[in-house]
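These are the residues of each chain, in order.
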Amino acid sequence: MIERLKQINPVFLVLALLFVAIAILSPYFLQPTGYMNFLKRAAPIAILAVGQLYVINSGGFDLSAGALVTLTVIGSSILLDGDASATWWVVLVMLGVGVIVGTANALVVSWLKVPSIIATLGMMITLSGVALTWSGGAPRGYLPENFRFFGRYLIKDVPLIKILPVAVIVMVIVCAGMWWLMHRTNYGKRLIAMGDNPKAALLAGVPLTETRIIAFVVSSVSAVIAGILLGGFAGVSTDVGVGLELQAITAAVIGGAQLLGGRGTVGATIAGALVLQAMFTLLNILGFPKPIRDVVQGLILISAVVIAGYRRRRSGG
Amino acid sequence: MKPARSRNLMAFAPFLLLMAAIAVYVIVAVLTGQTQFLTVENLLGLLGRSIALGITAVGQTFAILIASIDLSVANLISVSAVLASSIMSGDPSMMLPAIAAVLAVGVVVGLINGLIITQFEVNPLIATLGMALVLQGLLSATFNNFAGEVPEEFQVFAYGQVGGISISLIFLIALTVAAWVFLRFTRAGSNIYSVGGNPDAAKLAGMRTTRVVIMAHVICSVCATIAGLYLASRLRSGAPWIGRDGVYDLESIAVVVIGGTALSGGRGGVWGTLMGVMIFSLIDSIFNIAGVDAFAKQILRGIIIVAAVAVYAVRSRRIEA
Chain A
70 MIERLKQINP VFLVLALLFV AIAILSPYFL QPTGYMNFLK RAAPIAILAV GQLYVINSGG
130 FDLSAGALVT LTVIGSSILL DGDASATWWV VLVMLGVGVI VGTANALVVS WLKVPSIIAT
190 LGMMITLSGV ALTWSGGAPR GYLPENFRFF GRYLIKDVPL IKILPVAVIV MVIVCAGMWW
250 LMHRTNYGKR LIAMGDNPKA ALLAGVPLTE TRIIAFVVSS VSAVIAGILL GGFAGVSTDV
310 GVGLELQAIT AAVIGGAQLL GGRGTVGATI AGALVLQAMF TLLNILGFPK PIRDVVQGLI
370 LISAVVIAGY RRRRSGG
Chain B
180 MKPARSRNLM AFAPFLLLMA AIAVYVIVAV LTGQTQFLTV ENLLGLLGRS IALGITAVGQ
240 TFAILIASID LSVANLISVS AVLASSIMSG DPSMMLPAIA AVLAVGVVVG LINGLIITQF
300 EVNPLIATLG MALVLQGLLS ATFNNFAGEV PEEFQVFAYG QVGGISISLI FLIALTVAAW
360 VFLRFTRAGS NIYSVGGNPD AAKLAGMRTT RVVIMAHVIC SVCATIAGLY LASRLRSGAP
420 WIGRDGVYDL ESIAVVVIGG TALSGGRGGV WGTLMGVMIF SLIDSIFNIA GVDAFAKQIL
480 RGIIIVAAVA VYAVRSRRIE A
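These protein sequence lines are chains A and B, in that order. Okay, so the first sequence: first residue is 70 according to the numbering used here, each after it adds one. Okay, so the second sequence: first residue is 180 according to the numbering used here, each after it adds one.
Same shape as in the complex, but just chain B (with noise of 0.2 angstroms):
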């Protein structure tokens, strides 16, 4: 009985997480009369401000649920934004070859990466370091300010709305949908989870474990120069350090460990990453209306990503480091 209970109310700890955080948002706008923050557009707002941290954490749940991580989609997000913003140079015609260009990046980022770890055995966290290293370091090497500019039609992406709702949290949405669906409808995606849960009994039941790491790694990849599309979109150029300035690899993996997702890989979903960025941003909403000090704010959130993942990690009988 006791393992059942421990897994079902692991289930739902990103939910109850959540839950928690909106508590608190309430109680603070309450308490400090700022009850024109309680409605239900503010709440779909804050989600709206993390698109890009959304996207990215989509794709780094992939990397981490077959117990790798990727450490360079900051670094690719720079890249993506400045190689798109550079290639439109405001021409509205170069907006399909710059997506394309920018996608294709992303594949090839994606591939090496899962080519060093699996062919290489080198360790995910070197590999992706390292990877991050040599995109940030050429990427400064050629530029140094923002550079090009996205036509007013990609702005789109980031500024436009339907029916009231941004497009970018739309397909925001859109892209966890169709993550989940691809996770717990098709082979590749229950594949994922073998190899994660357990890598030499997928190998040993016949499934090309290699195929799956490189796979995952190519759609992490690929979601963080999606990313890097939308900070274009939105910051109307790339500049070579917004991945940086957004620590996004940090906390993209910080938002999907929060939203339930093993780093030992092999339990986790879609879900939770995005209800992780959920949290994390009413984090940061409380802290603006209860008037928290920047930097004051920044101490705040380092407790509470370890104290987020703690509730999760007190629970195993890890003893490793």
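The shape of chain A in the complex, shown without the other chains (with noise of 0.2 angstroms):
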């Protein structure tokens, strides 16, 4: 029975703690409206962590998918500009241009041999460039009420639950699509087996190239698909994607995925971006200012890192 507890990733009980921590402090987080609008911040930044989970498990990072979320808000409210009946084509080319930047991505690292590292940081700041160049500098243009739909609207009347923001409702869908493909497929085996020991999986027959674009590509369609929800719930500002890799790359690294490849879980992952979305909270309940979120993000960051490595050494794993 101990034994078994001890299996269960700590990200849970982290959780289970803020959660206890949060409603004590504020009870009306205990009630729909205060913990739907918690998924509902949450929801963005657990669809860019699994999505991130991607390349990490691949043994990459993808430090282009901030700014990817920035330049889906400011591109889609450009190309938009209050035209409602447009919302359809703009919400399918955002994500086409998330197909060309993560397919993008993957080709840099496979064909030019080029580290993810630096091949993504290239790709954020030639995004941020071009949303810059676009835009010239100042969010453009205006998001017609049917885009933003997806951040912002909240379900009323749901049976239990009282409202049920689309946002959530979105979040479930991806997730759970994203966790399928991970956890079900051969896909998802070939995935972790590259990150883990790439040149075992190529002699093992794992196509590489093939595995590494669709991760950046789910990587890149994560971060489109939040950039929808960020520009529904936050509007449109040229710095809204700034820094969410970072807490995407934290978040999953919460949840316990090991940097260069291998070993993460997208339940971990979304129980990691839902930890620091906790935490948050709960330091603005407390009244602390904004940027003590940075020293407890770099706080639990680097813990996060400690705890997981000392867990692998006592399992031997």
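For the record, the hints were derived by calculation from the structure and aren't laboratory data. Heads up, none of these hints are tricks.
Chain B regions said to be covered by chain A (calculated; three or more residues, Cβ under 8 angstroms):
#, region
1, 292 to 300
2, 317 to 330
3, 429 to 442
4, 476 to 483
Just a few of them, taken from the derived set where beta-carbon distance is under 7 angstroms, the chain B residues facing chain A:
#, residue
5, Gly309
6, Leu312
7, Val488
8, Ala489
We put the beta carbon where it would ideally sit given N, CA and C, even for glycine.
Dock chain one against chain two, each of which comes alone in its own frame, and use the hints as you go.
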């Protein structure tokens, strides 16, 4: 019994403790509006983190995700400029941009053999350049109501939970899809094999380039989806995506993902994203100034890796 | 024969890239009829605009040579600049205490980075990223604007000239020479290459690899604090965003890699890094005299970083990400 308890990822325990602390400090979060709004806020970072997990499990990093979020918000608002009838094709265009960006990242890594940290860093600089050139440096245009629906709309009068934000539905569907691909398909096994030991994976017949392309495309598309949600509830600004790639990596690492390949699970990564968001909420309730968030994020990032390493050595894995 | 030839080419690659950048610079200047840019002073002036990046990148070279990396340099630069200008607050007699305090912070941050990486076996990216967040958070929670000011005597570091050459440029070149001598002629320097090239072999050969890693991180952090002192001197005051605005973390890594130091450690050196800095400032000036839009410049910059790294990487047979 105790042995089995020890095998549970500590991230779930930390998450439970944080929820208890938040609930005691602010009973608002026990009400449906409280916890549903919490989940709504956590949705973009959870989606981004799971997307990032694909690249981390492949053995790389995707630093371009935050810039792609910004580009999605800026680009959509310029293309739409309040025209509700254009929403559907703009969403499709943005998802297409995600596929192109992810493919480009993967090909630079695979063909030009550039380390992913540099390749996606270059992509990050390029994408924010594109966003700034396109917008002229200041947010322009306007997002129509049906575009903001995904991030902002609340379905009311739902039995039991009263309200259900659309962003939470999007999060559940997208994360379920990414969970299935990672943990229930041959692709997921190939991805993890490649992150663990690319040479062995190659010898075992894993098509490295294809596997990598899919991983980066999943990450980029998840960034576009996160951008659509953030554009919905946060509105248009040129710095909406700044630092999100680091939050996504932090969330994956809190969930126990091993950098440079091969170990993270989708469930633990979502829990990691919720831990991060819960931590921010807790600091907010306690009235700390916003920069303290960074301090806490830094400390839990390092401790998560220390604890994961300790657990791994103890289990001999 | 083949490996030897390719190794020679690799050693010259930063130089060739630099020559290519200079050639493009000359061509663009001639084509746009702006030959007034084609003087030696102008080329030196280019490097003079990248002093902070240069100092940071020399330090980053040490971290990368031991197959580590330091993402906390930009935030440490901000901490250093703010700390220096608020301790000095315009009083020349506080210059030495301020410099001493700032350098001590550099040593401590480097020690902590090195200890987290070696004692807890934390991936250096994560350790220094965590450190970056902690530093920036503490700084932004305490200061939200320009803090203090540096006395005029201290501005000599950034604005002073000796024999027509700026003191800061002389300092950067002296720092590079010192780093080169250290790496090339001292035992500690050759230990850095051994540990970066193959940590297991270095350990088996009896080297205290932990100490080498910690030393490299201390050097890297101290260089970042010196860059912070330089920026405080140039801006006449320190603000909590100057490091982040300069993107010194990512740019210093980029110039080190463009300068031919391998991200996998053990190969490269500080002269390549200085050439990398030169290449970066040349690219900037080429855009300026060609009149490229500021934002479009950023797009091209991203592509050039990746392309330059690809020049080195495409020849390796690496299959990892």
